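Student: Listed below are the residues making up each chain.
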Amino acid sequence: MSKPHAIVIGAGFTGTAIAHDLALRGFDVTVVERGPIANGTSGRTHGLLHSGGRYAVKDQESAIECIEENIILRKIVPDVIEPNGGLFIAVTEDDLAYKETFIQGCEACGIPVDEITPQEALRLEPNLNPKLLAALIVPDGTFDPLRLALSFAASAKKNGAVFHLFTDVVDMLLDGSGNVTGVKVWDRTNGERYDIHSDIVVNATGAWVGQITKMAHAHVPIKPTPGIMVAYDRRLVNRAINRLNRPSDGDIVLPQRRLAVVGTTSFSIDDVDYVPIDRQQVELMLQRGAELIPAIRQARERGVYMATRPLIGASGPGRSISRTFKAYDHKDLDNVDGLVTITGGKATTCRAMAEKTVDIVCQKLGLNIPCTTAEVPLTSYRAFYA
Amino acid sequence: MWKITYRVHRQKGHEAPHYDTFQVEVDPEEYVLDGVEKIWAFEDRSLTFRHACHHSTCGACGMRVNGVEKLTCITKIKDVTQDGGTLTVEPLRNFPIVSDLVVDLGPLYRKMEAVQAPKVHPLSMAPWEGEDIRPPKEVPAPPEGGEYIRLPDCLECGICISACPVAASDPDYLGPAPLAAIQIQGLDGHPELLALADSQEGVWRCHSAFECSAVCPSNVDPGWRIMDLRKQVATQRLKTIIG
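For the record, the sequence lines run as chains A and B. Numbering (our numbering) for the first sequence: 380 to 765. Numbering (our numbering) for the second sequence: 155 to 397.
Source of the hints: derived by calculation from the structure; they are not laboratory data. All values derive from a computational prediction rather than experimental measurement. Virtual Cβ for every residue (Gly too), placed ideally from N, Cα, C. It is possible that some hints are incorrect.
[Said to hold, decoys possible] Here are some, though not all, of the chain B residues that point toward chain A, as calculated from beta-carbon distances under 10 Å:
| # | residue |
| --- | --- |
| 1 | Lys166 |
| 2 | Ala170 |
| 3 | Pro171 |
| 4 | His209 |
| 5 | Ile228 |
| 6 | Gly343 |
| 7 | Arg359 |
| 8 | Ala363 |
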C-alpha cells in the first residue's frame with residue numbers, strides 16, 4: 380500500500396507539530412498555510428512555557444498536560460527555550476490568602492513547587508515589587524514563538540513534509556456524499572489556483588477553525604478570545620513572574636531576549652482576522668505589570684499585540700473556559716468523513732495536541748503506528764529555510 | 155485617527171514589480187505592521203508579508219519603510235509619517251524576493267548555521283537589561299546552580315544584510331549578523347571559526363560603513379563586533395607566528 384496522504388491546514392504550533400508527527404509516522408504530508416509560519420495566534424503568544432501552576436487550582440486537566448509537556452519540550456527543543464523557571468508572588472493580602480490553595484493544586488497536579496522567603500526572591504530578582512509577601516518557585520520557562528513552530532516545521536520538512544505558505548484554502552473538495560477528499564487552494568505568491576487530494580484533511584487553524592469547517596458544512600464549538608500583550612524594552616527579570624492568585628488581567632511578566640512582556644486580558648470578538656489594539660488595555664498592562672515589577676514604569680513600550688486564543692465551548696466568560704484541547708472527528712460530529720479538527724490547548728501542549736490528533740487520524744485510516752514525538756529531538760529551526 | 159497612504163511593493167511570480175497605494179485609517183500609536191495587516195484584512199487579500207511575534211523577538215517582519223530598514227512590528231506609524239502622509243513599504247534588499255514584501259531569508263539562516271550562531275546562550279554573554287552591548291560585570295546566577303540561559307539579542311531578521319553596501323555586491327560575503335555571531339562566541343574558544351572569519355568573505359570584506367549598526371533593531375551593533383573580530387583574528391595570527 381502506498382503512503383497515506385494527509386493535508387494539514389495551518390502552520391502554527393499545532394499544525395507544524397501535527398505535520399512533524401504525521402511525517403514521523405510515515406505519512407505523505409502537505410501543509411497549507413495562508414501566511415508565513417506562525418503568523419496567527421502562535422506567533423503572538425506570550426511565550427510562557429507553562430509549568431501548569433496557572434491552572435493548578437481551577438483547571439487541573441490543563442495543568443497536568445502543561446507540566447508533562449513542559450518537561451518534554453525542554454528535552455526535544457532546548458534551542459528555543461529560556462529554561463530559567465518561574466515565580467508566583469503575592470503582593471497583597473488577597474494574594475497571600477491564595478497561597479495554600481495554590482500549593483495544594485500544584486501538588487495534586489505533580490508540579491514541583493518550592494516556597495522561598497521574600498528576601499531570597501528579591502535577591503534572585505532585584506526588580507520584583509519590594510513589598511512582596513510570599514514567593515513560590517515553579518518550573519516555568521519562556522520560548523521564542525516563531526522558532527518553536529519553525530523547529531517542528533523543519534523536522535517535518537526533513538522527513539518529507541511539503542509546505543505551501545502564503546496559500547489560502549478557498550474551499551473543500553467533497554465527494555457525492557459530502558465527505559472531504561482534499562482542498563482547493565490559492566497560492567498568493569504567484570496567483571495560481573489548484574486542487575490537492577488527500578486521504579485525510581486536518582484542520583489545525585486554531586481560532587480560525589470555523590472558517591474551514593464551514594466549507595465542509597461541519598462545525599465546532601469555538602470561542603475566539605483575544606488578549607493583549609505589551610513588550611517593554613528592558614529585560615527586567617530572568618524568570619517568568621506570575622501573580623499568585625486566580626488567573627486575571629496583566630498578571631504575568633516574562634523575560635524574552637532583552638525584553639519584558641506583560642500579559643494579558645480576555646474578551647470576545649467577532650472578526651478574528653483583525654483585532655485592533657485597545658489603548659486602555661495597554662494602560663492596564665502597565666498598571667498591573669508594575670504591581671509585580673515596578674521598574675516597568677521606567678521602561679519604554681516596544682511593541683503591543685493581540686493574540687486570539689481558540690477556546691473550546693460556546694458559552695461562558697473566557698477565563699472560566701478550560702485551556703485543554705480537543706480533537707474532533709467530523710464523521711462523529713456532522714457525518715462528514717475525511718476531516719479532523721483540533722483546537723483549544725496551549726502552546727505548551729502543542730506536541731500532545733498533535734499526538735492526540737494523529738492518533739485519531741491513524742485510527743480512522745485503520746493504521747496502528749505509535750507516536751514517537753516525545754522522544755525525538757527536533758531539527759534546528761534554521762533548517763526550515765535551508 | 156489618521157488617514158495615511160501606504161505605497162506597497164507588489165510582485166507575483168515572474169511579473170515585473172510595481173507599487174499599489176492604499177488609503178488607510180490608523181491610530182498613530184499603531185505600528186507599521188498593523189497597517190500592513192489591516193490592508194490585507196480589509197483591502198487586498200492577495201497581499202503577502204512576513205510576520206509572527208509582533209514584538210521584536212522573532213525577526214520576521216523586517217521591511218524597508220520609506221527606504222530605511224525597520225522591524226515593522228516595533229516601528230510606530232507616528233514616528234515615520236504624519237496625518238495625511240505616505241509610507242512606502244518595500245521588501246528587504248539583498249535577498250531573493252518570494253512575493254510582494256516577502257523575501258527568502260534562507261541564505262542568512264544557512265550562514266548563521268555555518269558559524270554555529272548560538273540559539274540560546276548563558277546570560278553572561280550579553281547584557282540582561284541595559285543599553286550597552288558589552289556583557290554585564292555582575293551576572294546573577296540561579297540558586298539551583300548553573301547559569302541563566304537566554305535567547306540572544308540577534309533576531310536573525312536580515313535587516314543588517316539589507317542595509318549592507320558590501321552584501322549588495324557580493325552575495326558570498328558572510329555579512330554583519332554571521333560575523334557578529336562569531337565575535338560573540340570568541341575565536342579563543344572557537345578556533346574552528348577562524349578560517350571563516352579570516353577569509354576573503356569574512357572580516358576583511360567589510361568596508362566599515364556601519365550601516366548594519368545603524369539599522370539593527372536589537373542593539374547587536376554588528377559593525378563594532380566586526381571591528382572587534384578583526385582584532386581577535388590578528389591576535390590568533392600573532393599566536394600562530396609566536397607559536
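Student: Take the shortest C-beta to C-beta distance between Ala363 of chain B and chain A; is it under 10 Å?
Tutor: Not OK, violated: Ala363 of chain B not within 10 Å of chain A, min 25 Å.
Student: Under 10 Å is the threshold here; is the Cβ of Pro171 of chain B close enough to any Cβ of chain A for the hint to stand?
Tutor: violated, 14 Å
Student: Just to be careful: measuring from the Cβ of Ile228 of chain B to every Cβ in chain A, is the smallest value less than 10 Å?
Tutor: holds, 5 Å
Student: Hint Gly343 of chain B vs chain A: min CB-CB distance below 10 Å?
Tutor: violated, 19 Å
Student: Given Ala170 of chain B as an interface hint, is its Cβ closer than 10 Å to any Cβ of chain A?
Tutor: Violated, about 14 Å.
Student: Hint check: is the beta carbon of Lys166 of chain B less than 10 Å from a beta carbon of chain A?
Tutor: holds, 5 Å
Student: Is the hint on His209 of chain B kept, meaning its closest Cβ partner in chain A is under 10 Å away?
Tutor: Holds. Min distance 3 Å.
Student: Tell me if Arg359 of chain B is really an interface residue toward chain A, meaning its C-beta lies closer than 10 Å to one of theirs.
Tutor: violated, 22 Å
Hints 2, 3, 6, 7, 8 from the earlier list are contradicted by this structure; the remaining hints agree with it.
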